[in-house]
Amino acid sequence: MKTGKVALITGASTGIGKEFSYIHAEKGGDLVIVARNENKLVELKKEIESKHKTKVHVIVKDLSLPGSPKEIYDEIKKEGIEVDYLINNAGFGGHGKFYERDWEQDLTMINLNIVALTALTRFFLPDFVKRNSGKILNVSSTASLMPGPLQAVYFATKAYVTFFSNAIAEELHDTNVTSTALLPGATETEFAKTSGMDKTDLFKDTVSARSVAEDGYNGMLKGKLDVISGLKFSQKMMMSMIPFTPKKMILKQIRQIQELKQK
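For what it's worth, my numbering labels the leading residue of the sequence shown as 33, then goes sequentially.
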């Protein structure tokens, strides 16, 4: 399975993850695609292998389960696949006041957004360092740069992803291995509907998953530390003012744009 670089992509069945798969295959690379939905993964495998003549290995796993990352790593080693790019894309959010939300759902979010991403990085990174090559792309969010009233846990998980990615990037400074964090803004994926954010001002003007994936993929190849993608001009202005704005004011503004709009 070595016609080109091999990319392992989690959350590959939809949205940004699916676009990562297309982009990598277009460049002649082979894939290991991971998600819960077997039908969508098999369909994606058939499409890519037929169109691009690259090899696609499907792994059906629920990454929110504690044992899944190790099972994925073990399967890949057993198959003799050498992963060149680890793209930790799987994740989800949820809307509502923290004290009113279902705890099991938020715990699952933490397990997927933080624990699985960290575990996969820990399993594959020693292999990358040993051969002194490899790239990691962790999909975070512009949400990681601020607190998130009405999405408290989601914003906090993405803050972890960004700072974790940045920290290990510095730890790898004397190697040819890189760690990149992708920080998308509001993107046209199933995320908004799944999280309940499709009824907020924040998601009334989104960018395409393809453009975000291209920015992230190209940034990974260049070994960039952070890649911010998909922000409109007004959003860029707001982001630039965060360091100079009182935190209480930021919290109020974020809460307001994340409140559900009545029809």
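Please keep in mind that the hints were generated in silico from the structure rather than gathered at the bench. Ideal Cβ positions, reconstructed from N, Cα and C, are used throughout, including at glycine. Hints may contain errors.
Said to hold, decoys possible - The calculated DSSO-like cross-link candidates involving lysine-lysine, where the alpha carbons are at most 27 Å apart (straight line), are:
#1 129 with 85
#2 77 with 110
#3 129 with 279
#4 280 with 37
#5 59 with 77
#6 37 with 110
#7 129 with 110
#8 279 with 254
#9 109 with 129
#10 37 with 59
#11 162 with 109
#12 87 with 109
#13 162 with 87
#14 256 with 280
#15 87 with 268
#16 268 with 280
#17 129 with 59
#18 129 with 37
#19 77 with 102
#20 129 with 256
#21 129 with 78
#22 72 with 85
#23 110 with 78
#24 83 with 102
#25 72 with 93
#26 72 with 83
#27 284 with 256
#28 280 with 254
#29 87 with 129
#30 129 with 72
#31 72 with 59
#32 162 with 77
#33 85 with 110
To be verified - Computed beta-carbon distance windows for the label pairs:
#34 291 with 106: 15 to 23 Å
#35 74 with 250: 26 to 34 Å
#36 284 with 36: 27 to 35 Å
#37 281 with 36: 20 to 28 Å
#38 142 with 273: 41 to 49 Å
Hint check:
1. 129 with 85: Measuring from Cα to Cα gives roughly 47 Å; hence the hint is violated.
2. 77 with 110: Within the cut-off at roughly 20 Å; holds.
3. 129 with 279: holds (19 Å)
4. 280 with 37: violated (47 Å)
5. 59 with 77: holds (16 Å)
6. 37 with 110: Roughly 18 Å separates the two Cα atoms, so the pair holds.
7. 129 with 110: The given pair, whose Cα atoms are some 44 Å apart, is violated under the 27 Å limit.
8. 279 with 254: It is violated: about 34 Å lies between the C-alpha atoms, which goes past 27 Å.
9. 109 with 129: violated (42 Å)
10. 37 with 59: Judged against 27 Å, a Cα distance of about 9 Å means the pair holds.
11. 162 with 109: Holds, because 15 Å separates the two Cα atoms, which is no more than 27 Å.
12. 87 with 109: Holds: residue 87 and residue 109 sit about 16 Å apart, inside 27 Å.
13. 162 with 87: Distance ~25 Å between residue 162 and residue 87 Cα, so the pair holds.
14. 256 with 280: Outside the cut-off at roughly 32 Å; violated.
15. 87 with 268: violated (39 Å)
16. 268 with 280: holds (20 Å)
17. 129 with 59: violated (43 Å)
18. 129 with 37: violated (43 Å)
19. 77 with 102: Distance ~23 Å between residue 77 and residue 102 Cα, so the pair holds.
20. 129 with 256: violated (35 Å)
21. 129 with 78: The given pair, whose Cα atoms are some 42 Å apart, is violated under the 27 Å limit.
22. 72 with 85: Holds - the C-alpha atoms of residue 85 and residue 72 are around 19 Å apart, at most 27 Å.
23. 110 with 78: holds (23 Å)
24. 83 with 102: Given that 27 Å is the threshold and the Cα spacing comes to 31 Å, the pair is violated.
25. 72 with 93: Measuring from Cα to Cα gives roughly 13 Å; hence the hint holds.
26. 72 with 83: holds (16 Å)
27. 284 with 256: violated (32 Å)
28. 280 with 254: violated (37 Å)
29. 87 with 129: violated (44 Å)
30. 129 with 72: Violated, at about 32 Å.
31. 72 with 59: The hint holds at about 22 Å.
32. 162 with 77: violated (30 Å)
33. 85 with 110: holds (23 Å)
34. 291 with 106: 15 to 23 Å: The hint (15 to 23 Å, Cβ to Cβ) is violated, given that residue 291 and residue 106 are roughly 45 Å apart.
35. 74 with 250: 26 to 34 Å: holds (28 Å)
36. 284 with 36: 27 to 35 Å: violated (49 Å)
37. 281 with 36: 20 to 28 Å: violated (49 Å)
38. 142 with 273: 41 to 49 Å: At 30 Å between Cβs, range violated.
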